[in-house]
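Colleague: Chains as they are written, first to last, in this note's numbering: chain A, 542 to 966; chain B, 3 to 361; chain C, -3 to 321.
Be a bit skeptical, because a hint or two may be false.
[To be verified] Sample of chain C residues at the chain B side, in silico, Cβ under 7 Å:
hint, residue
1, 66
2, 71
3, 138
4, 284
5, 292
[What the hints assert, rightly or not] Label-pair distances were calculated between CB atoms; the ranges are:
hint, chain 1, residue 1, chain 2, residue 2, range
6, A, 610, B, 272, 50 to 56 Å
7, B, 323, A, 739, 44 to 50 Å
8, C, -1, A, 822, 49 to 55 Å
9, B, 106, A, 610, 34 to 40 Å
10, C, 194, A, 822, 31 to 37 Å
11, C, 46, B, 23, 23 to 29 Å
Just so you know, the hints here were simulated from the structure itself, not pulled from any lab data.
Just so it is clear, CB atoms sit at the ideal spot from N, CA and C, and this is done for glycine as well.
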Amino acid sequence: MAYEFRLPDIGEGVAEGEIVQWFVREGEAIREDAPLVSVLTDKANVEIPSPKTGRVVRLHAAVGEKVKVGGLLVTIDTGSAGTGAAPPAPLSAPARGSPAPSATPSTAPAPAGPAAPASSSPPDRILASPFVRRRAAELGVDLSRVRGSGPAGRILESDLPAGAVPIPAAPVAPTAPARTATAPARSEGPDSITRIPIRGIRRVIAEHMTESKHKAAHFTYVEEIDVSELVRLRDRMAPHVEKQGVRLSYLPFIVKAVVQGLREQPNLNATVDDEHGELWVHSAYQIGIAVAGPEGLIVPVVRNADTKSVLLLAREIQGLAERGREGKLTRAELTGSTFTITSLGALGGVLATPIINYPEVGILGVHKIVRRPVYRSDGSIGPADLMNLSISVDHRMLDGIVAAQFLAVVKANLEDPHRLFADMA
Amino acid sequence: MANAVSPPSAPLDSGATPLSAEQRLSFYRTMVLSRAIDERCLSLQRQGRIGFYVPASGQEGAQIGCAAALEPDDWIFPAYREIGLALWRGIPFRTLLDQFIGNAEDIMKGRQMPNHYGFRDKNFVVASSPIGTQITQAVGAAMAIQRRKAATVTATFFGDGATSSNDFHAGMNFAGVFRTPTIFFCQNNQWAISLPRERQTRSSTLAQKAEAYGFPGVVVDGTDVDAVYRAVRSARERAVRGEGPTLIEAQVYRYGPHSTSDDPRRYRADEELQAWKRRDPILRLKELLLSSGQWTEAKDAALLDEVRAQIAQAIEAAEAVPPVAPATLFEDTFARRTPQLEEEKAAFERLVQEGVIRP
Amino acid sequence: MTEMTLVQAVNRGLHEAMKGDPDVLVLGEDVGVDGGVFRATEGLIKEFGPDRVIDTPLSECGIVGTAIGMALYGLKPVAEIQFLDFIYPAFDQIVSELAKFRFRSGGQYPCHVVVRAPYGGGIKGGLYHSQSTEAYFCHTAGLKVAIPSTPADAKGLLLSAIHDEDPVIFLEPKRIYRAVSGEVPDGDHRVPFGSARTVVPGDDVSIFAYGAMVPVATEAAEALRGEGISAEVVDLRTLVPLDEATVLASVEKTGRAVVVHEAARFCGFGAELSAILAEKAFYSLKAPIARVTGFDTPFPYALENVYLPNAARVAHAARATVRSG
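Next comes chain A alone, as it looks inside the complex (with noise of 0.2 Å):
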């Protein structure tokens, strides 16, 4: 498609320009912005970048030609009508500083669960009342996927999925500041500060930690738990599993352990609505996997864990993991967790203070696992894997007996690892 690109009016009062140079030639393509032609005016000389994309069909006028305001200049063709004309414009030129997807703290709403009707071809318009859009917002549900129940179709409040729960940043982020990372590894001469500015990703994990702290009252809890037999599981799994390309990790154990803790008590799957003093219990298991992102930790979420083998599980996870490190994860896939676990990874520790993906009441930490001499029951001594699980309750909605009740379900699975193949279902 041809477009006709006229001299604008550059400057206050400029009537005419003469041309000073061309950059182009008639028959080659051009990119956005790169520049076009020299202008010179009676005021100053210009260099105008091109408006569009595509191929120069024609300079219309000549070096050393005026060219009046609104005259024609140039006519390039953009090939959008797919005239077959126009070369494929160069547009593997590097996107700068187009910021990953999930690394956007913008406020694009996204599906919350499977309540949300999905709609194959979101309508162009979506109705809602401003009460609506605010609460979508906050709620993390993409409008354009919701099927209003209003008047026209305009989207209610009551059409929102139940599901759907605040918008979570990173639960716990127990990596150094990344001023370390620069840090001299000695210190001689005069302090010299790095200045990391508190942007993007960063600033919502601060914004969100500090809510946290700020609203829920937490209180930690930590359970040893003997996986010796949940070891030997997985080791033999693993080589099965990674013939379909997929690492097992432990993670997907836990996963369902903690789906059978949550069903026992379900009171932790659950969200706050500090505004009207309403603690939102949910019938889908939507768990947060906090995973390294490339600007600090994020949450991608697993979609109804308790519908999910151990080895979809593991895909699944796999999958949410190296996306979330190369930052291409949508908001859809960090949005709408109910509980959340955050693997404190080889390093591991033995006991942490995991900070609530508020407003979900529970996180659970996973350290690493280690073996040990223990007693057995008959009074023997002998190697064992030992694994510390670490959860922080919001002890206003719920007191520390339910987080031992739970811990204590998710230590029995656990430890007997073939009861999470009973519930397949």
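Given the structure of chain A, go ahead and fit chains B and C onto it with the hints provided.
Modeller: Below, chains B and C without anything else, positioned relative to chain A:
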């Protein structure tokens, strides 16, 4: 011709006025000051140093004669052309100039156009621009004086144009009905901007309008300060005795434009102006003072020098005062700010801080 | 407490103020011997004499102009304009003078006058005995505007007006002068300015009204309750100063707003209220704000019943608002 109330440059009839030489001299000094301020302020306006000005030249005799005949407790309800009254009431030129500039020391806090001032401690009510509105207010204040049984009066000032306004008629009527202690002092300066006195009303005098409202109206030569003084004094005595209001029409001529936004050459002939200038109130009083031996040309020259120096000094001082503080905008709309005004004030201050509004 | 009508409550308020302060006086057309065309000043001249209950010549600019002069001199005049429709000769005095004295004098001249005027339709008054033009006064900086809807508020707001330091336009809903009666506290009962009254609490929609529209809104709320719609009715009581906090809290709760006044819609007070809600309660709004008002025509005589908002129109608008989102 109604304008010709006395022959040009006639000697003042000094015999009937119980004025002392010292009183006349102080009239004269104030009239000279008033004229000098007028001349200087017109040029300040042309230089952009004040925004606007309403000259009173030619009306000094009427203004000082009237002001002098009132007592300090009498309330003045002025129009905006009353600088002679303000000066006689003891308001320093510097204070008026602060108002003309609208600086931080302006008692009106920079809110009103030049010449729209008022000073509560001088019983000089603040002027407004709508024509005639002060007239009913003066009558109301006189009703309050009646209620307080005070031996004072209110005097309200307006021009020939205002005699066509609603408030003139309402005020005159209320004053007649309630016999209020009010002096209606009309300075008929012959022109309401471009409209001549003859086109303002078919009445042969403005003063005769009082008759319809049931009280006396008198015409007085406003270029004769003594005559004005006598007329006002007698109206005041009537009022204090409980005999009700009086309308005084002081016939004068506005030498300058209606305001600095006006060019009188568009609507009136210079001959008329020159004819009136031949019986200039200041000139007439000066001749009386000279002929009676109370004054000399040398003293006159010295007075003018002194007055001009005083004015220059005031200008220098007033221009050194910083502009009125922006936040004062949010004072005095109400006794206390409403929540809405509090909110607007806070928003305003933020915009100032952010440099969006630049005071 | 004494049971009385709204107009009696106005009378009692004036009486209370005059009894308590010799500087308070009443002036206007037919306010003395006749006791006012609506009898609001009945009996006052007998008790306080013609010096304090002043029958004036027929000139509104004279009434308000002289009242201003009295106030400047230290009295506390309460001027009556016989009908709000006749206030315009005094408009210059009210808008150019009364509203601006304090400001234009740099605070030297407070000018406290209460201007009372019966307003509004419903008495077969046609174009010139029915109008509801409160918005003119609300739009003028420096004036307070109070409109009672109950006898108790009529006395309480009037006494607050008379003891205020600023000029007050006090508009009395003449249609309900005698149609409503209620308990009125004895003595110096004052209702503070800027405090709206929640007449009926509710959760689904907020209905804002004042003056004669408050009973209409209340009737609508009762009808809606039968349909399962919980409407909150808020009586603004003073338009200036406006109790924004109560207004906003109500809409933050209900998410829906219906503004009712009998004045014409365009640039009426409802426009201001709607703008405030749009600015400050936008993210609480579940539905567009609705206005139920008089029409943008002059006030009609024979058709006043269809011109004036009634409970059916208010309920209709509230229902539509609730259904829309």
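Colleague: Next, verify each hint and record whether it holds.
Modeller: Okay, the hints, checked on the actual structure:
no. : hint                      : result
1   : 66                        : holds (5 Å)
2   : 71                        : holds (5 Å)
3   : 138                       : holds (5 Å)
4   : 284                       : violated (24 Å)
5   : 292                       : violated (26 Å)
6   : A:610 x B:272: 50 to 56 Å : holds (52 Å)
7   : B:323 x A:739: 44 to 50 Å : holds (47 Å)
8   : C:-1 x A:822: 49 to 55 Å  : holds (54 Å)
9   : B:106 x A:610: 34 to 40 Å : violated (48 Å)
10  : C:194 x A:822: 31 to 37 Å : holds (34 Å)
11  : C:46 x B:23: 23 to 29 Å   : violated (49 Å)
In this structure, the hints that do not hold are numbers 4, 5, 9, 11, in rising order.
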